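Generate the whole structure from the sequences, applying the supplied hints.
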Amino acid sequence: MNRSDFSLLVNNKDIIYFDNGATTLKPKCVIDSIDDYYNNYSVNVHRGEYDLSFKADEIYNEARENVAKFINAKSNEIIFTSGTTDSINFVVDGFMKSYLHEGDEVLITYAEHASNVLPWFNLVNDIHIKVSYIPLDSNYHVTLDNVKKSITKNTKVISLAGITNVIGDVRPIKEICILAHKNNILVLEDGAQSVPHMKCDVKDSDVDFLCFSGHKMCGPTGIGVLYIKESLEDKLKPVRLGGGMNESFDSPSDICLKDAPIRYEAGTPNIAGIIGLNSAVKYLSSIGMDKIHEHECMLKTHLVKRLKEYKYIKLLNNINDSGIVSFNIDNIFSQDVGYYLNKYHICVRTGNHCAKILKYETNVTQTVRVSLYFYNTIEEIDKLCDLLSDYDKIRKEMII
Amino acid sequence: MDIETKREILTENYSNPYNKVDKEPTGNYIMENSSNDSCIDNINVYVDIEDNIIKDIKFTGEACAISTASTSIMIKNMIGMNLEDASKYIDNFTNMIYEKPYIDEHFEEALAFDETYKQGNRRTCATLPYRAIKKIIEDYKNNKNN
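Chains as they are written, first to last, in this note's numbering: chain A, 917 to 1316; chain B, 3 to 148.
Derived by calculation from the structure, the hints in this document are not laboratory data.
Quantities reported herein were computed from a predicted structural model and do not represent experimental measurements.
Virtual Cβ for every residue (Gly too), placed ideally from N, Cα, C.
Keep in mind that the hints are not guaranteed to be accurate.
To be verified - Computed spacing ranges between beta-carbons, pair by pair: (1) A:Glu-1225 with B:Tyr-142: 50 to 56 Å; (2) B:Tyr-104 with A:Arg-1156: 45 to 51 Å; (3) A:Asp-951 with B:Ile-5: 41 to 47 Å; (4) A:Lys-971 with B:Tyr-104: 54 to 60 Å; (5) B:Glu-107 with A:Arg-1156: 55 to 61 Å; (6) A:Asp-1306 with B:Asn-18: 21 to 27 Å; (7) B:Asn-144 with A:Asp-1170: 52 to 58 Å.
Stated by the list, open to error - Mimicking DSS-like on lysine-lysine, the simulated pairs with C-alpha atoms at most 25 Å apart in a straight line are: (8) B:Lys-120 with A:Lys-929; (9) A:Lys-1230 with A:Lys-1312; (10) A:Lys-1230 with A:Lys-1145; (11) B:Lys-8 with A:Lys-1312; (12) B:Lys-120 with A:Lys-1309; (13) A:Lys-1275 with B:Lys-22; (14) A:Lys-1174 with A:Lys-1013; (15) A:Lys-1115 with A:Lys-1198; (16) B:Lys-78 with A:Lys-1312.
What the hints assert, rightly or not - In silico contact screen, one side only, chain A against chain B (beta carbon under 8 Å); selected entries: (17) Gln-1251; (18) Asp-1252; (19) Tyr-1255; (20) Cys-1263; (21) Gly-1267; (22) Asn-1268; (23) Thr-1281; (24) Gln-1282; (25) Lys-1312; (26) Met-1314; (27) Ile-1315; (28) Ile-1316.
Dropping the structure here:
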């Protein structure tokens, strides 16, 4: 789908890009909008009375509206950050550090990305909260039943990826929110792998925080989003202070901040990044998130079917509704598989994918990961599988 | 050295790495960990030095084919070297990997890496054990001087 929108694919017919979980390719419309900003109105926002600044303001505000619309939020619930990592750290430092107290419990899983583990570990060290792990089922999925069993009287937060970056399972966030909210528990969704790939509706799921990155959804690097439910905004403290976010100040006892979300965006924002993200959400919406998800699931089903033909290939995740497939080849280090595939211009990710404690569930320390997006094709998957169909060839060519 | 010979050497050293052990060896070994940021190569190198001579080297851990083969070959080549020759050998090998002038005496199987510079991030794989042993030798010399 839409391959002609991507210059990298048009200009490099031999490249097969299967590392979309790490970052996605950028369509021409996104690049053009950033180019247009830098070439034609590269001025600051909220600063001047002149026409160029007004134009920058308009697009900047439009971006917030469009991003809000993309996840069915209100625009004042959208805070621009540098990415998912920044967003989660913001919630932990700006909200949870004062909301949680010694002995309070945060539930995560061993399948989370480092960004949804380390900020919580920091709170364990700083204010002595407890991090506990929801057990995964035999497919390494989160079940509602296991969430229910993991909740204790001390549980205050459940923080989970909407889709995990190695297993690729789609978590039942809406059902988890219903259960959590009945028990006065807040829910944070790490949306890095979910928002770019399927329809996310914060009103429907009722999630309290949603964090995601622009660059994993056809946008530029360095821009991300923190969605925070309006009713919780009062409890979020700015973690950075400076220009743009204050109404007035005179002395330490006389500081007046602007309303949310501007109060959380100190300094000159990443204007080009926000403009690029605006184009990306408009672009994805024009294709349709349901259509994107459907296409990825179709590709993934074909990929799994083909990989299962080879007994030396061990899939970590057979069953999921996303475009992430992780596997190993008997007696071959994942990095060597990556090196072999690179000879044929196939880009895959190898290693632990920043999910460094997943091994406690899977007993596997590393995998080859294929992460798909809407511009991937059945033909590309067949080429990958054909290359993996000859074990001796892999063993021979992985070396040199 | 032709490509088939190189492939044979590297495959053999990857499949049967010399002095790779499952557990930390006992004795007077100095240990240094070496890992690569870009992947999950992670090995511990153990070196026994007596009277400025490398008596033994062993390693544990998990690493890709190139890192494992490079460690195996390094161990074969460096056991028995005095520290001065060892330092020269490390510098020469590193220079070869990064396409700088080098002297190839004593390289033997290590010459299989003479074109690794063409393979981008595999340069860090090939030099993985050398970073560890270099640190061990430096620390040993510093401790001796103190």
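Verification of the supplied hints:
1. A:Glu-1225 with B:Tyr-142: 50 to 56 Å: 53 Å, holds
2. B:Tyr-104 with A:Arg-1156: 45 to 51 Å: 49 Å, holds
3. A:Asp-951 with B:Ile-5: 41 to 47 Å: Because 44 Å falls inside the window, the suggested range holds.
4. A:Lys-971 with B:Tyr-104: 54 to 60 Å: 58 Å, holds
5. B:Glu-107 with A:Arg-1156: 55 to 61 Å: The hint (55 to 61 Å, Cβ to Cβ) holds, given that Glu-107 of chain B and Arg-1156 of chain A are roughly 57 Å apart.
6. A:Asp-1306 with B:Asn-18: 21 to 27 Å: 23 Å, holds
7. B:Asn-144 with A:Asp-1170: 52 to 58 Å: 56 Å, holds
8. B:Lys-120 with A:Lys-929: 23 Å, holds
9. A:Lys-1230 with A:Lys-1312: 20 Å, holds
10. A:Lys-1230 with A:Lys-1145: 41 Å, violated
11. B:Lys-8 with A:Lys-1312: Given pair Lys-8 of chain B, Lys-1312 of chain A holds - Cα atoms ~11 Å apart, limit 25 Å.
12. B:Lys-120 with A:Lys-1309: Given that 25 Å is the threshold and the Cα spacing comes to 21 Å, the pair holds.
13. A:Lys-1275 with B:Lys-22: This hinted pair holds, its Cα atoms lying about 23 Å apart.
14. A:Lys-1174 with A:Lys-1013: Roughly 22 Å between the alpha carbons, so the hint for Lys-1174 of chain A and Lys-1013 of chain A holds.
15. A:Lys-1115 with A:Lys-1198: 14 Å, holds
16. B:Lys-78 with A:Lys-1312: 23 Å, holds
17. Gln-1251: Holds, because the Cβ-Cβ distance from Gln-1251 of chain A to chain B comes to roughly 4 Å (cut-off 8 Å).
18. Asp-1252: Cβ of Asp-1252 of chain A sits 5 Å from chain B, so the hint holds.
19. Tyr-1255: With a minimum Cβ separation of about 7 Å from chain B (threshold 8 Å), the hint on Tyr-1255 of chain A holds.
20. Cys-1263: It is violated, given that the least Cβ distance between Cys-1263 of chain A and chain B is near 13 Å, above 8 Å.
21. Gly-1267: 5 Å, holds
22. Asn-1268: At about 6 Å, which falls below the 8 Å cut-off, the nearest Cβ of chain B leaves the hint on Asn-1268 of chain A intact, so it holds.
23. Thr-1281: 7 Å, holds
24. Gln-1282: 5 Å, holds
25. Lys-1312: With a closest approach of 7 Å, the Lys-1312 of chain A hint holds.
26. Met-1314: 6 Å, holds
27. Ile-1315: Holds: closest Cβ of chain B sits about 5 Å from Ile-1315 of chain A, inside 8 Å.
28. Ile-1316: 5 Å, holds
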